[in-house]
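Read top to bottom, the protein sequences are chains A and B. Using numbering that gives the first Met the number 0, you'd call the opening residue of the first sequence number 0 and step up by one each time. Using numbering that gives the first Met the number 0, you'd call the opening residue of the second sequence number 0 and step up by one each time.
I should point out that these hints are in silico values taken from the structure, not numbers from a laboratory. Note that the structure is predicted; figures quoted are calculated from it, not measured. A virtual CB, placed ideally from N, CA and C, is assigned to each residue, including glycine. One or more of the hints may lead you astray.
[What the hints assert, rightly or not] Here chain B is said to cover these stretches of chain A; the calculated rule only asks that three of the stretch's residues, wherever they fall, bring their Cβ under 8 Å from a Cβ of chain B:
| id | region |
| --- | --- |
| 1 | 76-87 |
| 2 | 97-106 |
| 3 | 114-125 |
[Claimed, not checked] When the alpha-carbon atoms are kept at most 25 Å apart in a straight line, the in silico DSS-like pairs for lysine-lysine are as follows:
| id | chain 1 | residue 1 | chain 2 | residue 2 |
| --- | --- | --- | --- | --- |
| 4 | A | 158 | A | 133 |
| 5 | A | 158 | B | 23 |
| 6 | B | 177 | A | 34 |
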Amino acid sequence: MTESTPETPAEAIRVEGLEKLYRRTMPGDRLRTLKSALLEGSLTGNLRREEAITALAGIDFTVARGEAFGVIGGNGSGKSTLLKLIAGMLKPSAGRITVSGRVAAMIELGAGFHPEISGRENVFINGAVLGLPKREIERRYDEIVEFSGLGEFMEEPVKNYSSGMYVRLGFAVAIHTDPDVLLVDEVLAVGDEAFAHRCVRRIEEFLAAGRTLLLVSHSLDLVSGLCDRVLWLDEGRQRLVASPRRAIDAYRQAVAEQEAEEHQAAKEQREAAPAGGPGSESGEELRWGSREAEITSIRLLNAAGAEHYHLECGEAACFEIRVRAAAPLTDFVFGVAIATPRGTEVWGTNTDLEGYVPASFSGEATIRVTCPALRLAPGEYTVDVAVHARDGAPYDYRRRALTLTVTARHGGVGVYFPEHAWDFAGEVRWADEET
Amino acid sequence: MLRVARQLFRFRGLLGTLTARELKARYRGSVLGFLWSLANPLLLLAVYSFVFGVLFKPARSQGIGDGPYALFIVSGLFPWVWLSTSTLEGSMSLIANSGLIRKAVFPAEVLPMVVVLSNLVHLLLAMPVVLAAMLATWLLTHSVGGAAVVMLPLVILLQLPMIAGLALGASALTVHFKDVRDLLGNLFTLLFFLTPILYSIDFFTGQSRMMLLMAWVVRLNPFTPFTRAYQDVLFFGRAPEPLLWAQMALVSLVFWAIGAWLFDRLRETLVEAA
Numbered sequence: 000m001t002e003s004t005p006e007t008p009a010e011a012i013r014v015e016g017l018e019k020l021y022r023r024t025m026p027g028d029r030l031r032t033l034k035s036a037l038l039e040g041s042l043t044g045n046l047r048r049e050e051a052i053t054a055l056a057g058i059d060f061t062v063a064r065g066e067a068f069g070v071i072g073g074n075g076s077g078k079s080t081l082l083k084l085i086a087g088m089l090k091p092s093a094g095r096i097t098v099s100g101r102v103a104a105m106i107e108l109g110a111g112f113h114p115e116i117s118g119r120e121n122v123f124i125n126g127a128v129l130g131l132p133k134r135e136i137e138r139r140y141d142e143i144v145e146f147s148g149l150g151e152f153m154e155e156p157v158k159n160y161s162s163g164m165y166v167r168l169g170f171a172v173a174i175h176t177d178p179d180v181l182l183v184d185e186v187l188a189v190g191d192e193a194f195a196h197r198c199v200r201r202i203e204e205f206l207a208a209g210r211t212l213l214l215v216s217h218s219l220d221l222v223s224g225l226c227d228r229v230l231w232l233d234e235g236r237q238r239l240v241a242s243p244r245r246a247i248d249a250y251r252q253a254v255a256e257q258e259a260e261e262h263q264a265a266k267e268q269r270e271a272a273p274a275g276g277p278g279s280e281s282g283e284e285l286r287w288g289s290r291e292a293e294i295t296s297i298r299l300l301n302a303a304g305a306e307h308y309h310l311e312c313g314e315a316a317c318f319e320i321r322v323r324a325a326a327p328l329t330d331f332v333f334g335v336a337i338a339t340p341r342g343t344e345v346w347g348t349n350t351d352l353e354g355y356v357p358a359s360f361s362g363e364a365t366i367r368v369t370c371p372a373l374r375l376a377p378g379e380y381t382v383d384v385a386v387h388a389r390d391g392a393p394y395d396y397r398r399r400a401l402t403l404t405v406t407a408r409h410g411g412v413g414v415y416f417p418e419h420a421w422d423f424a425g426e427v428r429w430a431d432e433e434t
Numbered sequence: 000m001l002r003v004a005r006q007l008f009r010f011r012g013l014l015g016t017l018t019a020r021e022l023k024a025r026y027r028g029s030v031l032g033f034l035w036s037l038a039n040p041l042l043l044l045a046v047y048s049f050v051f052g053v054l055f056k057p058a059r060s061q062g063i064g065d066g067p068y069a070l071f072i073v074s075g076l077f078p079w080v081w082l083s084t085s086t087l088e089g090s091m092s093l094i095a096n097s098g099l100i101r102k103a104v105f106p107a108e109v110l111p112m113v114v115v116l117s118n119l120v121h122l123l124l125a126m127p128v129v130l131a132a133m134l135a136t137w138l139l140t141h142s143v144g145g146a147a148v149v150m151l152p153l154v155i156l157l158q159l160p161m162i163a164g165l166a167l168g169a170s171a172l173t174v175h176f177k178d179v180r181d182l183l184g185n186l187f188t189l190l191f192f193l194t195p196i197l198y199s200i201d202f203f204t205g206q207s208r209m210m211l212l213m214a215w216v217v218r219l220n221p222f223t224p225f226t227r228a229y230q231d232v233l234f235f236g237r238a239p240e241p242l243l244w245a246q247m248a249l250v251s252l253v254f255w256a257i258g259a260w261l262f263d264r265l266r267e268t269l270v271e272a273a
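So here's chain A without its partners, still in its complex pose (with noise of 0.2 Å):
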């Protein structure tokens, strides 16, 4: 239930043991879904477990008045249910949605308005659905307007606006209703930069007057600028209500963790697909060479020596390659790459550049190439790993034999994020970060 009760000056959102399932769509159910919803004022009152799909199971938080709380999660984890559920639109299957003062809700901004009429009649019809009077809206009608810079537009039809000016109505109206409790989801990613940075400017105004934002959104630089506290949610499962820093710091680790093992079985994959075949679903050939030695198998260690294809920005990493060679060689040189997904060498070495002399190779050998600290900027890495001769002649050449995801605490643009350190001297003052 959502219920508004205007004095309870501490907490403006209290949800308490939240659960909301979601009717699957059978064939032939109509007359059922009818009765149910009937009798039980509910979809889902009489389901049994397998008709139903949970969308968000054990939610428990609450929302201090004048704070700014973030919901992130990948897609699908339950964010914009959650969303409506607190602004009422959807009805708990069980627990309590407790919110105090007058909500606002942006879902999908221009969602009320109608093409056929001007933006000036669908700023008053946007108004009246967010429950403000007309003359409320009389007397903030110019702000609306300079702040959506639509001016010369508003006695067009809105069919005629583009998606940004559409957007950009909508949140003019909506921020101008002056609620208490403001629900974002996503929308500021929509309208170009500097609609977006004025949004940004208007929210942090709102919350400077002691207003309550609650913001759904996957970007997380957004999330962490703006926000106090941050609820992660993990298909439909709150995994963690903690700061921003650490609630996106955990919920990247997850992703990257995630991405680790896509990288480990698309690796085996790789491995298990017949040997010397041509490449990948691209056609580009991913493997090559006279197989006078062999390259057996590919592993990323990371410092206590498990398989991983995770790194931390600054963790040691080492490659691992097994080598077999089909006869006794004099002449070998073993190499390895790093790139981006999209080519670009990061860095490459192999044991020639570095001054070793080969003199025999027989059998089976295990090639290892540590580094302590690889400082890679944040994202995802291609390995490319190689056995030839001297002259470049391969034996075995094997692109693109692993993928990495690389994380870091602190973005960075480029491929590179060496070791630093910052140093102010004079009048510089930067507010306390919380860590």
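Following the hints, position chain B against chain A.
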């Protein structure tokens, strides 16, 4: 039931704005504008007057008196168009605006109500034409109309909750069950002939069992009291009997209660299913 009424009252500003928008959007870019909303009832009127007033004349005149048959039909037909159009259009109102319901916090009951009100405006806009025709006939022959016409707003007001209930209930049911619209379309076609619009309620002064049965069906038809009241105040120029008022009030209350209850019951499911 009360919640729906409260919501409608709370969002009355929105209701007014949206109704105005609906009317404006409908007539924007059309040359004849509002005349189009007159065209359909007038066409129906012409056809029925011809078929039942000329072709099958002897069969229908019972209980109508001396007034022109066309004006008799008008008295019942125009309000019927309000009723049936509101219910049929209203049944689609939530589905047609599913974006609004799913993606914005929106008082859904406003949507079917907007349909009811904009169709009421059409009725009211047609009324001067009807009244002018009545007045002309009254001046010429004194065979129709009279002072009781001042009760017309009362009858309309009394019917409003009934039509609102129909539109609300139909809209919520249609969200789950698209068949409702087709069902209603056919039901209304049938009910049109079971409502004394083309004939008078006194038509069935029969002896045969069939006539008696039909008389009962027509009397039990919940739309009959309203049609009779409209005919009383517009065509016959007499005040409806107290019993008729009581019947109308009861029917209106029941329809509103059922419609609003249905809507309220299904409200929470509309966002998911629309």
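Right, here's what the structure says about each hint:
Here's how the region 76-87 of chain A fares: 3 of its residues keep a CB closer than 8 Å to some CB of chain B, so the rule of at least three is met and the hint holds. With a threshold of 8 Å between beta carbons, the proposed coverage of the region 97-106 of chain A by chain B holds, since 4 of its residues qualify and at least three are required. Requiring three or more residues with a Cβ within less than 8 Å of a Cβ of chain B, the coverage given for the region 114-125 of chain A holds, as 5 such residues are present. Taken as a hint, the residue 158 of chain A and residue 133 of chain A pair is honoured in the structure, with Cα atoms around 23 Å apart against an allowance of 25 Å.
For the hint pairing residue 158 of chain A with residue 23 of chain B, the CA-to-CA distance comes to about 15 Å; that is within 25 Å, so the pair holds. With a C-alpha separation of about 15 Å, the suggested pair residue 177 of chain B and residue 34 of chain A falls inside the 25 Å cut-off, and the hint holds.
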